[in-house]
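With the hints as extra help, turn the sequences into a complete structure.
Chains as they are written, first to last, in this note's numbering: chain A, 445 to 776; chain B, 445 to 776.
Keep in mind that the hints were calculated from the coordinates and are not lab data.
Quantities reported herein were computed from a predicted structural model and do not represent experimental measurements.
Keep in mind that a hint or two might mislead.
Said to hold, decoys possible - If you want a taste of the chain B side facing chain A, the calculated C-beta under 7 Å gives, among others:
#: 1; residue: 566
#: 2; residue: 577
#: 3; residue: 579
#: 4; residue: 580
#: 5; residue: 582
What the hints assert, rightly or not - Taking CB as the label site, the calculated pair distances span:
#: 6; chain 1: A; residue 1: 696; chain 2: B; residue 2: 720; range: 40 to 46 Å
#: 7; chain 1: B; residue 1: 546; chain 2: A; residue 2: 659; range: 56 to 62 Å
#: 8; chain 1: B; residue 1: 697; chain 2: A; residue 2: 700; range: 43 to 49 Å
#: 9; chain 1: A; residue 1: 681; chain 2: B; residue 2: 590; range: 39 to 45 Å
#: 10; chain 1: A; residue 1: 491; chain 2: B; residue 2: 748; range: 38 to 44 Å
#: 11; chain 1: A; residue 1: 643; chain 2: B; residue 2: 697; range: 47 to 53 Å
#: 12; chain 1: A; residue 1: 634; chain 2: B; residue 2: 522; range: 50 to 56 Å
#: 13; chain 1: A; residue 1: 643; chain 2: B; residue 2: 638; range: 37 to 43 Å
#: 14; chain 1: B; residue 1: 590; chain 2: A; residue 2: 700; range: 20 to 26 Å
#: 15; chain 1: A; residue 1: 509; chain 2: B; residue 2: 590; range: 50 to 56 Å
#: 16; chain 1: B; residue 1: 492; chain 2: A; residue 2: 684; range: 32 to 38 Å
Even glycine gets a Cβ: it sits at the ideal position worked out from N, Cα and C.
There are 2 protein chains.
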Amino acid sequence: MSRDPDASLIVIDGLQYSNWDRPLFEELRAGGITAVHATIAYWENAAETLRTIAAWRRRFRQHGDLIRPALTGEDIRAAKRAGRTAIVLGFQNCTPIEGDPALVELFHGLGVRLMQLTYNHQTLLGGGCYEPVDSGLTRLGREVVAEMNRVGMIVDLSHSGERTTLEAIETSARPVVISHANPAWFHDVPRNKSDAVLKALAARGGLLGFSIYPLHIGGADRTRRQFCDMIRRTVDLMGIDHVGFGTDSVRGWPDEVLSWMRAGRQVGPDEGERPSWPRWPDWFATPADFPNLADGLAESGFDDAEIAKIMGGNWLRLFDQGFGPPAATDSP
Amino acid sequence: MSRDPDASLIVIDGLQYSNWDRPLFEELRAGGITAVHATIAYWENAAETLRTIAAWRRRFRQHGDLIRPALTGEDIRAAKRAGRTAIVLGFQNCTPIEGDPALVELFHGLGVRLMQLTYNHQTLLGGGCYEPVDSGLTRLGREVVAEMNRVGMIVDLSHSGERTTLEAIETSARPVVISHANPAWFHDVPRNKSDAVLKALAARGGLLGFSIYPLHIGGADRTRRQFCDMIRRTVDLMGIDHVGFGTDSVRGWPDEVLSWMRAGRQVGPDEGERPSWPRWPDWFATPADFPNLADGLAESGFDDAEIAKIMGGNWLRLFDQGFGPPAATDSP
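Below is the structure:
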């Protein structure tokens, strides 16, 4: 049922979090994926994050026939030409900078290209989407956004509260992203976003990555057609240049990691709920199913040029613009 | 002009932050001070705080003829009998626990007996008094307060925003303190407290330590009589059992430390204002002037029993109750 794959298509997944090993890199290649934004921190401090980056350096050496690091958009095009998948490193929380704006530049120098200001909870920078009260962007949050703008680290607001999200969109001098979420009207959970947020995001040049994480779409029984029709309607709101995918694919982790992701250090190992990873829809069981997404977009009425933008072209434009200091021609 | 000093008087200063050395310990003895709550962290992480505690262990060994550690209220009485000043260690911020409630118990085990949830800015636990928006007590903040209640570390709200302060007073199962601040009506700055906060604090068994830091009283020209009359009026609001001193005495630090205290890691060393330490009032130039405070209280109409409570008796009761797990007879 798959269309003839377009070998020239740039395919970018705006967020995955996996327990990476060679079979998972082969899965990326099977999906024809040009680049992946890979999460490397949820709750880690600076020193722990250095060790995680070091582990990625080893992976790049050991699996250079499958993957390579991406520090620029051009690195992604080069990976495409070489038949490799480019890996973009990013944080889903601000814990690695330990409240110090100066660490933004250092982690940028080590290859980190996106950072969420918050992960569900209150951080030093802003309010998470599961806090009872959203502080908005804090004083330190404004400094860190300015520093991310200066060095070229993209602000990601996927897990932020509404107020913090709107304030960060407005405050950032450069486009920001919501790398993995959906419109709240499609499935109304705190992680999904209001139309007000999505319109503001697009108006400032940003990008929404559509998530296929089952808890963001309403469960594994959602059809591909329902999902892609949702994209159609969201494009009507945001415009064709401001959407992509951020599947939130999670591969190879035991259930314990889900508890850790959600609570970090805040709940001891013997307390609280014991969540399990959810079942994924048949049409996107793993990243190897990425071609199904292009088929679904066609079925929902997108033409080839539109499909190219959603599959990766828009992400590539954002990365070209965002992964480095502002160009002299950028508006202030 | 000083009254005959009452040799049996327990004198407790609810907050000092100094660059401690032997002459400063001698100053405490000159002031007849039985115990001091000494700040050991503003922005330090866990490892840095361990080194600071280790430095205190060395001071206790080297200056055992002047000071000793206080882990309980009884340690303070024993120091009084031995002619030493007891040192209570505390944090003015939550950075040492690095977002991990489990570190509360560990630092308690190392002698830390009070912790502020916030220092001016947003923290993982709550909103600071200088943030534009006060998040209130966060989800993690509630967990940390419960853990502090469990192990016997007193919650200090001196630098918290109004909402966070009221929520923490309400949430804490055990009395909390505002170790160093004044009523906002006396000098209206964000660091001073509303009558609503002071009434709620007293209603839950807590304590306000009156600050003499010049920026909290309206400058060095405030008279002792004005200051002690303010105490008189505050006692009318809160009751005689819920007030003490927390002078916020700062000795021996260069001006650079003031910049660091205020901004932590959030402003680089070459940016921003260059504040200087303020001039102190003549009637409280150093902690050696503590007897002047007892004289001032008498002048403002307090009797000897009331003076004993304000000078240290109330703090000692709080410490007796608060420095350890709840007694079986405590209300839940």
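Verification of the supplied hints:
1. With a least beta-carbon distance of about 4 Å to chain A, the hint placing residue 566 of chain B at the interface is held under the 7 Å criterion.
2. The interface hint given for residue 577 of chain B is met, as the beta carbon of that residue sits about 5 Å from the closest beta carbon of chain A, less than 7 Å.
3. The interface hint given for residue 579 of chain B is met, as the beta carbon of that residue sits about 4 Å from the closest beta carbon of chain A, less than 7 Å.
4. Interface hint status for residue 580 of chain B: upheld, as the beta-carbon distance to the closest one in chain A is roughly 5 Å, under 7 Å.
5. Restraint check, residue 582 of chain B versus chain A: the minimum CB separation of about 4 Å is within 7 Å; hint holds.
6. Under the hint 40 to 46 Å, the C-beta atoms of residue 696 of chain A and residue 720 of chain B, about 57 Å apart, miss the expected range.
7. One distance hint, 56 to 62 Å for the beta-carbon pair residue 546 of chain B and residue 659 of chain A, is violated here, with the actual separation near 28 Å.
8. Look at residue 697 of chain B against residue 700 of chain A: about 46 Å separates their beta carbons, and that is inside 43 to 49 Å.
9. Checked against the given bound of 39 to 45 Å, the beta carbons of residue 681 of chain A and residue 590 of chain B, roughly 43 Å apart, stay inside it.
10. Checked against the hint of 38 to 44 Å, the C-beta distance between residue 491 of chain A and residue 748 of chain B comes to roughly 55 Å, which is inconsistent with it.
11. At about 50 Å, the beta-carbon gap between residue 643 of chain A and residue 697 of chain B stays in the expected band of 47 to 53 Å.
12. Judged by the Cβ atoms, the range 50 to 56 Å given for residue 634 of chain A and residue 522 of chain B holds: they are separated by roughly 53 Å.
13. Between residue 643 of chain A and residue 638 of chain B the beta carbon distance is about 39 Å. The supplied range of 37 to 43 Å therefore holds.
14. The supplied range of 20 to 26 Å is met by residue 590 of chain B and residue 700 of chain A, whose beta-carbon atoms lie about 24 Å from each other.
15. Judged by the Cβ atoms, the range 50 to 56 Å given for residue 509 of chain A and residue 590 of chain B holds: they are separated by roughly 52 Å.
16. In this structure the supplied range 32 to 38 Å is violated for residue 492 of chain B paired with residue 684 of chain A, their Cβ-Cβ distance being about 50 Å.
Hint compliance for this structure: hints 6, 7, 10 and 16 are not met, and every other hint is.
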